[in-house]
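Q: Spelled out from the first residue to the last, the chains are:
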Amino acid sequence: MRREHPYSHAALDTSDMDAGRRRFLVAAAALTAGAATGFGTLLTPQPAAAFRTPARIVIVGAGAAGLSLASRLASALDGASITIVDRREEHYYQPGLTLVATGAWKASRVLDTNSRFIPRDVEWLRDSVVEYDPDNNRIHTATGQTVNYDFLLVASGLQLNFDAIEGMSPELIGSHGIGCVYDTPDHAERTWRAIRAFTETGGVGLFTRAPGAIKCAGAPLKVTMLAEHGLRTAGHRGKAELHYFQPGNALFSQPGIDSFLKQHFPEQRDIAINWEHQLKGLDAARQEATFVTAEGERVVEYDFIHVVPPMSAPVSVRESELAWQEGGFSGWLEVDPHTLQHRRYPNVFGVGDVIGTPIGKTAASVKAQTPVAVANLLSILRDRDPVASYNGYTSCPLITERGKGILVEFDYSLNMTPSFGFIDPYEEQWIPWLMKDRMLHAAYNAMLRGRI
Amino acid sequence: MAFSAAGILAVLFELFRPWLLPLGVLAAIELGLLALIVARRDRLRVRPPALIAGLIGLVAAVAAALLLPAWSGASMQQLQSLLDFAAVAGMGIGIGVAIGLASYPPVQCWWILAKR
Ligand SMILES: Cc1cc2nc3c(=O)[nH]c(=O)nc-3n(C[C@H](O)[C@H](O)[C@H](O)COP(=O)(O)OP(=O)(O)OC[C@H]3O[C@@H](n4cnc5c(N)ncnc54)[C@H](O)[C@@H]3O)c2cc1C
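Sequence order for the protein chains is S and W. The numbering of the first sequence is our numbering, which starts it at 1 and goes up by one. The numbering of the second sequence is our numbering, which starts it at 1001 and goes up by one.
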């Protein structure tokens, strides 16, 4: 197991004069372009004060985290060889899937392409990593390639384990009253068709939540509340009975919001909460769900069920030396929760859903994590200590109905950390909905381009 | 999480990215009209066209404020807090000012031509 810093600095930063002149030219060009267009620096990445290094940097995953890492590194470094590995061509704006699955957006609004965001000087390897070999600083890909690196940034997100639910497969989404917001835009649209049919007919609606860490833990709650609002708007609320199934004893990790929801669900929305219920299996043909409870198994018939599959780090990470080998984060990438540096391999960093930290599987977390990981990587390149620190920031516009929501932001301490002090983090308002519907996609794209 | 002024600008830029080309064309037309106005400054009477442009801006501001919630898929009844109403008013004023300013050059040109 390699613990030493594997990278030599001998060849670094030898051309200070060149760098100085380059910086001047870049600044002059930026000023001219900026003056001419008013938005010069926003149109194309500006390598302001780029650090010269021949380092080979590999980023695994071209999702929210991988792309924003690539953009930031491409503008912060000069001469580095940056490779991003992901076989997926299309890019999904995942935070929009909740709105697609509940009929507020068309699927086309969340579809994009990775090529639009990968900086020109970053090499894109259209492949997927099947094995990590951190002792030898290399990765192996599905097509049999071996890629060597000096620094590795793991941003491969997480995997949905539908097969952990007996009788469930993603192909079922949209049929037999089954919905799931977490998969593809196509499946989100099929979920909307299932929810719309349920909104018309009414009946028994079951809304589940998987145990353990899941991305955007607010999404199952939002789908529940938006479905309830849809029934109310259609004038069919009286025809439906809604149940929320929670594997544990809390609905949300932030205590203030947890209290709000525990009161809001049963009292304001007439949604029954079933504590300590974990979805074990489905009989799609009979429309029956089996839950494991403290009292044994319980079978419930349904007309609509929202399935949330258990989630884990991708198998290539889970089965590698890079994963936590034991403890509560077992299987997730083992990083320091503040510096995001791997705890055993100092030339490895992790950002996004793949990392094993107490909270933070959101795009909002990625926005806060990426600058920290990049700053710490730059520190190491400069032979300094990695001191930038991620505080666990995460955020969720908790949409309570189409047109209203609560802007929830907190950190590792679970205290609220509102970005905009004037927005009450405990009050349902239109502003958080407006942000979700109209602003956050733009913020997300700005993040992918390394602008925020 | 703090947002810097540059960060907010970057988000706004992304928001308007799909309309940058039409906005650029509009800006070019406006500049052309302004140049025309400067060239014919001997016939310039600022007050009446400015009043008309202001009126257009006012109508646009009121219409925008009324339509904003529906544009986001919400209804007026869903505006909950003082902040919601302040936001609607603020955005309405912003849109009204932008449209008022943008309509001044064409209105001024029309005034010059009509009074020839
Ligand atoms: C329904 C839903 C609602 C959400 N709502 C919100 C919200 O309101 N607010 C919010 O902030 N966040 C929200 N999120 C969460 C947010 O989208 C994720 O946290 C964010 O996308 C994580 O980014 P990531 O880069 O870690 O993972 P992803 O964006 O999932 O990207 C991972 C990438 O890695 C690639 N990959 C995987 N395995 C490999 C491999 N072996 N080799 C190479 N590449 C690989 C994948 O192809 C993918 O492109 C939501 C997510 C969902 C699904």
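In case anyone wonders, no lab produced these hints; they're calculated from the structure. Remember, predicted model here, so these are calculated numbers, not experimental data. Fair warning: there could be bad hints in the mix.
[Said to hold, decoys possible] What follows is a set of in silico ranges between Cβ atoms, one per label pair, in the way DEER data are often shown: (1) W:1044 / S:113: 57 to 63 angstroms; (2) W:1024 / S:248: 37 to 43 angstroms; (3) S:203 / W:1012: 43 to 49 angstroms; (4) S:234 / W:1034: 47 to 53 angstroms; (5) W:1022 / S:106: 20 to 26 angstroms; (6) S:232 / W:1040: 39 to 45 angstroms; (7) W:1012 / S:131: 29 to 35 angstroms; (8) S:239 / W:1093: 57 to 63 angstroms; (9) W:1082 / S:275: 54 to 60 angstroms.
[What the hints assert, rightly or not] Stretches of chain W that chain S covers, calculated by requiring three or more beta carbons in the stretch to come under 8 angstroms of a beta carbon on chain S: (10) 1009 to 1023; (11) 1037 to 1048.
Ideal placement from N, C-alpha and C gives every residue a C-beta, glycine not left out.
Q: Could you run down the list of hints and mark each one as holding or not?
A: Structure-based check of each hint:
1. One distance hint, 57 to 63 angstroms for the beta-carbon pair residue 1044 of chain W and residue 113 of chain S, is violated here, with the actual separation near 50 angstroms.
2. In this structure the hint that residue 1024 of chain W and residue 248 of chain S lie 37 to 43 angstroms apart at CB is violated, the actual value being about 53 angstroms.
3. For residue 203 of chain S and residue 1012 of chain W, the hinted distance range of 43 to 49 angstroms is satisfied, since their beta carbons lie about 45 angstroms from each other.
4. A beta carbon spacing of about 52 angstroms between residue 234 of chain S and residue 1034 of chain W agrees with the range 47 to 53 angstroms that was offered as a hint.
5. At roughly 22 angstroms, the beta-carbon separation of residue 1022 of chain W and residue 106 of chain S lies within the given 20 to 26 angstroms, and the hint holds.
6. At roughly 60 angstroms, the beta carbons of residue 232 of chain S and residue 1040 of chain W sit outside the given window of 39 to 45 angstroms.
7. Taking the beta carbon of each, residue 1012 of chain W and residue 131 of chain S are about 43 angstroms apart, not inside 29 to 35 angstroms as hinted.
8. Taken as a hint, the range 57 to 63 angstroms is violated for the pair residue 239 of chain S and residue 1093 of chain W, whose Cβ atoms sit roughly 44 angstroms apart.
9. For the pair residue 1082 of chain W and residue 275 of chain S, the supplied restraint of 54 to 60 angstroms is violated, since their beta-carbon distance comes to about 37 angstroms.
10. With 8 residues bearing a CB less than 8 angstroms from a CB of chain S, the segment 1009 to 1023 of chain W meets the requirement of three and the coverage assertion stands.
11. With 0 residues bearing a CB less than 8 angstroms from a CB of chain S, the segment 1037 to 1048 of chain W misses the requirement of three and the coverage assertion fails.
Going through the hint list in order, the structure does not satisfy hints 1, 2, 6, 7, 8, 9, 11.
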